[in-house]
Every structure is written in structure tokens, then in C-alpha cells.
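Here is how the chains run, residue by residue.
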Amino acid sequence: MLREVSARPVAPVPRPRFARLARRRSADAASARRWQPPTTERPLARWLLIALALGFLGFVLVIPLVLVFVEALKSGIGVYVAALADPDALAAIRLTLLISAIAVPANLVFGLAAAWAIAKFQFVGKSFLITLIDLPFSVSPVIAGLVFVLLFGSQGYFGPWLSDLGIEIVFAVPGIALATIFVTFPFVARELIPLMQEQGSGDEEAAISLGASGWKTFWLVTLPNVRWALLYGVLLCNARAMGEFGAVSVISGHIRGVTDTMPLHVEILYNEYAFPAAFAVASLLALLALVTLSIKSFLEWRHGASLKAQRSL
Amino acid sequence: MVSAVLPKLKEPSVIPGFGTTLGFTLFYLSAIVLIPLGALVLRAAGLGLSEFLTLAGDPRTLAALKLSFLASLAAASINAVFGLLVAWVLVRYDFFGRRLIDAIIDLPFALPTAVAGIALTSLYAPNGWIGGVLEPLGLKVAYTPIGVVVALTFVGLPFVVRTVEPVLRDLDREVEEASATLGAGRLATVTRVVLPALLPALLTGYALALARAIGEYGSVIFIAGNIPYVSEIAPLLIVIRLEEYNYAAATAVAAEMLAIAFLMLLAINLIQAYSRRRFGHAA
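Residue numbers (my numbering), protein chains in the order written: chain A, 1 to 313; chain B, 1 to 283.
Everything labelled a hint here was simulated from the structure, so no lab data went into it. Do not rely on the hints blindly, as some may be mistaken.
[Claimed, not checked] Capping the alpha-carbon separation at 25 angstroms, the derived lysine-lysine pairs in DSS-like fashion look like this:
1) 126(A) to 10(B)
2) 66(B) to 10(B)
3) 10(B) to 216(A)
[Stated by the list, open to error] Chain B side only, calculated, beta carbon under 7 angstroms to chain A, not exhaustive:
4) 25
5) 103
6) 138
7) 273
8) 276
Glycine residues also receive a C-beta, built at the ideal position from the N, C-alpha and C atoms.
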């Protein structure tokens with residue numbers, strides 16, 4: 001600009017104006033170092049917001065989690081091991097594993113079938129069906145247990161008939177499994193449906209038109225396309241199945257060593273003021289939660305693209 | 001096969017398995033979810049209107065429902081404010097441990113509610129780490145309605161964060177730049193440009209957290225103290241009625257809660273429909 005001015009054959013600009021210009025330029029240069037884009041906050045505000053968020057998460061999430069492990073190990077490793085080696089605790093662990101081994105595969109098969117029907121075909125009433133699949137998430141776990149008591153309990157619709165046949169559902173393993181399947185019902189389906197809808201049916205149509213059977217198409221085309229999302233859904237389903245409390249509590253009858261799952265065993269021990277034992281069993285469940293979160297984060301980090309299909313809760 | 005019978009209900013496709021998969025889906029859905037819930041509705045209807053109203057209008061039931069609803073509202077509100085803050089911090093700022101924090105947000109989904117319940121109770125009990133500090137200040141948390149709110153805040157925390165986070169991440173920064181060029185200060189840009197775009201997601205997260213909190217049982221019963229009329233939540237009342245073998249009363253409370261849950265679901269769907277119309281994406 002200066003050169004432009006001087007290059008023109010015009011009257012020389014008075015000196016004071018130049019001086020003012022020079023001063024302003026140096027001021028601009030100084031502020032450039034402190035310049036920040038107008039679409040972000042000042043550092044102080046930024047640090048305050050981060051501190052506030054971390055403080056909140058610390059009080060609500062981190063401290064309770066740490067406390068579980070501290071309380072579990074407070075009375076020494078011997079007490080901890082003894083609490084876990086207790087026959088009732090072992091029975092609870094076995095039952096929890098059994099229930100999860102029933103509920104997760106059941107909902108896995110359902111999730112695959114539902115996603116296949118919903119994502120690969122166009123039919124009337126599809127969005128209503130999706131809403132119905134999500135329904136168990138809106139129902140209180142206690143109600144999930146209650147409905148099976150109303151169906152199969154001694155005062156239930158099928159109760160007298162079942163007791164004539166000698167079949168036990170309520171206060172027995174089948175009831176616990178049913179209630180668990182209810183509360184974990186949508187987990188696999190809701191991961192698969194949006195992803196498979198986004199992938200469309202082009203790959204399958206190509207496989208079929210090249211002569212592959214339906215099963216072969218499913219195993220070799222569809223399943224590899226959704227394997228990470230499937231694993232993700234199974235992971236969340238399993239965490240909930242092993243940790244479910246409300247639904248199982250209503251239907252199990254709390255028979256120690258028989259119908260006690262791990263979360264129920266935690267409750268019993270806690271109510272008996274056996275705090276170290278309660279927290280010992282709880283720490284196993286907390287460990288399960290941490291492992292679940294780690295694998296989940298790993299999947300999101302490593303295979304985020306193949307999981308992604310506008311995930312919402 | 002089904003497509004031959006119902007030509008107008010389904011578009012033709014070369015892919016096999018429609019009848020089998022949809023048939024299995026409908027069967028499984030009916031057996032696990034629809035018929036059991038139907039049994040509850042049938043049972044409630046079988047009570048007759050006057051008996052249902054007597055049971056539903058029982059003062060202890062109303063007190064429990066009121067506590068469940070108000071504590072859930074409070075917890076969802078806390079989560080709306082702090083969830084927005086956490087989502088903002090996670091999306092907009094880079095700091096040490098951000099990835100770890102992002103992973104731990106989902107802890108309430110992964111941690112069994114009973115474990116959360118006993119941990120929060122030990123923490124906020126008068127002799128606990130935090131309760132011990134608050135006790136001399138005259139603030140009792142555990143075994144009071146405040147404890148209920150604390151547990152429900154824990155349970156609902158991920159909902160707002162996880163609904164707001166993706167929307168905030170996809171938000172066009174150019175709008176903020178335009179706002180800044182037009183002379184708006186940072187605070188004005190955030191409150192008048194960014195927040196309105198986040199509102200549907202925030203509302204959805206709020207409604208989801210609220211819906212979850214109203215039905216929550218495991219994490220609350222330890223910390224609540226469960227004093228009838230004071231700190232007894234509605235799901236616990238269902239369990240108590242069941243243990244008394246008073247199936248009619250349990251059914252009545254459950255039917256009321258189910259109605260609330262359906263209203264929440266309706267609200268969520270309305271917000272999402274509004275958002276899709278107004279902003280072109282579901283919250």
C-alpha cells in the first residue's frame with residue numbers, strides 16, 4: 001500500500017498520518033499473537049468448562065466406580081477371595097453365566113432375523129415394527145418381571161395349568177431367563193437394523209443373481225458386512241443380561257444358591273451388612289462393565305466406520 | 001410366498017427369506033413382549049374401572065408416583081445441563097484424557113444397577129466419603145429423596161451426552177463464523193445460533209433420560225431408604241405389592257407407569273418428527 005501510494009504522482013502524504021499508520025500496524029502485530037478464532041471460547045472459559053465437566057463426571061461416575069474396588073479390597077485379599085469362593089457366590093456366578101448364555105443367543109438370532117426382514121425388504125408397517133422392537137427399553141424392568149409373574153405365577157393366566165404339568169417358570173430359571181430376554185430384547189436388533197438399512201440390498205441381490213443360495217448369501221455376504229456391529233450389539237446385550245437386577249429380582253424369588261444371580265447376590269449380602277463380600281461380588285460385575293466399555297471403545301475406534309449408521313440411543 | 005398372497009403390502013424382491021424372517025420376528029416379538037404386556041393390560045382392564053381408580057388413587061401409590069416423576073424430572077434436568085456441558089467439552093476441546101472420558105460416559109449403561117446402587121449409597125451415606133463431608137453441613141443425601149435424584153442422575157447421564165454429541169459434531173462451523181462476522185459476541189453466538197440447533201437433540205436426550213429414570217429400580221432402592229410416602233419410588237411399590245401377593249394393586253401401579261412410559265415414547269417421537277421437519281435430521 002505504501003509503495004502504491006509513493007508510486008503515484010500525487011502530493012506527498014503528510015508525515016503524521018504515516019506515523020499513525022505505523023503505530024496501528026505494530027498494534028495489530030502484537031494482537032495477532034493473542035488472536036483467537038471468533039468461533040471458540042477464551043482459554044479461561046475453556047478451562048473452566050473442562051474443569052466443571054470433569055468435576056461432575058468425577059463425582060457421579062469415577063468416584064463410585066473407584067469406591068467399589070476400594071471397598072472390595074479393604075478387608076484384605078483373603079476376605080475378597082473367600083467371598084468369591086463361597087458356594088452361594090459360585091452358584092450365583094454360574095446362574096448369571098447360564099442366563100446370559102440363554103438370553104444372548106436368543107436375542108442374537110432374533111436380531112438377525114428382524115434386521116434381515118426390515119432392511120432387505122420394503123413392506124407396510126415397517127416403522128411401526130421398529131417402534132415395537134424398541135418397546136422394552138421404555139418399560140420399567142420391574143414391569144418386565146411383573147408381566148411374567150402375571151402370566152405364569154400361581155395366580156397367573158397359565159399358572160394353574162403349568163403347576164398341573166409340574167413346570168416351574170416363576171421363581172425358577174426359565175422365568176429369570178424370560179425376564180432377561182425381555183429387557184435385553186432390542187440390543188442386537190437396534191445395532192443391526194440401521195446399519196443394514198444403510199447398506200441396502202445391492203450386495204445380496206448380486207449374490208443371488210450369481211446363483212448363490214439364500215443361506216450362502218447370508219453367511220458370505222451379509223454377515224461379514226455386519227460382523228462388527230453384531231459383536232457390538234452382543235457385547236451390550238451381554239452386559240445388560242449379566243447385570244439385570246429389577247426384572248430378575250421380581251421373578252426369581254431370591255432362593256439362595258438356586259435362583260440368585262450375581263446382582264441379586266450383591267443385594268442379599270449388602271442387606272445382611274456383609275459389605276466386603278457384597279463389594280467383592282460387585283467388583284466382578286464392575287470389572288465386567290470395564291471390559292465391556294474397553295471392547296466397545298476399541299470397536300468404535302478401530303471399526304467405527306463399519307458400525308456407524310446414525311446411531312442414536 | 002407371502003408376497004404372492006399380499007402383493008400390495010410388500011414390494012417384490014429377488015432376496016429370499018422374507019416370510020421366514022418376518023414370521024419369526026413377529027412370533028418372537030409377540031411371545032416375549034406383546035403378549036406379556038397384553039396380559040398386564042388385560043389384568044388391569046379386568047379390575048374394573050372403580051376398583052382400578054381406587055387402587056390407582058391410593059395415597060401411597062400417588063405419593064410413590066409423584067416421587068418417581070419429580071425425582072426423574074430433577075435428575076433429567078441436571079443431566080440436560082451437565083450432559084450438554086460434557087458433550088460440548090468432548091466435541092469442541094482437546095485435552096489430556098479426552099478419549100478415556102469419552103469411553104467412561106457409557107459406564108451407567110454397562111455397570112449393573114445394583115452395583116451402582118450400593119456404591120452410591122456407601123458414598124453418600126453419613127459415614128461415606130462424600131456423605132461424611134455433607135453431613136456436618138446439614139445436608140443428608142442417602143436415605144432421602146435427594147439420594148433418589150443422585151441415583152437417577154447417574155442412570156440417565158449417558159442419554160443427553162450421547163444424543164447431543166453427534167449433532168454438535170456435525171454442526172456446520174460456518175454458521176458460527178457468519179454469526180461472528182456479523183458482530184455477535186461468543187456468548188450470543190452460542191446461545192442464539194448453536195443452542196437452538198441442539199435443542200431437538202437435547203430434548204430427545206432429556207426425554208430418554210426421564211423415561212429411563214421413571215422406571216429405574218436397582219440403583220435407587222439402596223440409596224432411597226424406601227420410607228413410604230417419603231422416599232418410596234413407584235417401581236418399588238410394585239415389588240412390595242407383589243410380595244404381599246396383592247396382584248391387583250401391583251397391576252394398577254404398573255398400568256399407570258406403563259401409560260406414563262407410552263406418553264414419554266410419544267413425546268420422543270414427536271420431538272424427532274419436529275426435528276426432521278425443522279432441521280432435516282432426527283435428533
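Index of numbered hints that the structure contradicts, given in increasing order: Numbers 2, 6, 7, 8 - these are the hints that the structure violates, sorted from lowest upward.
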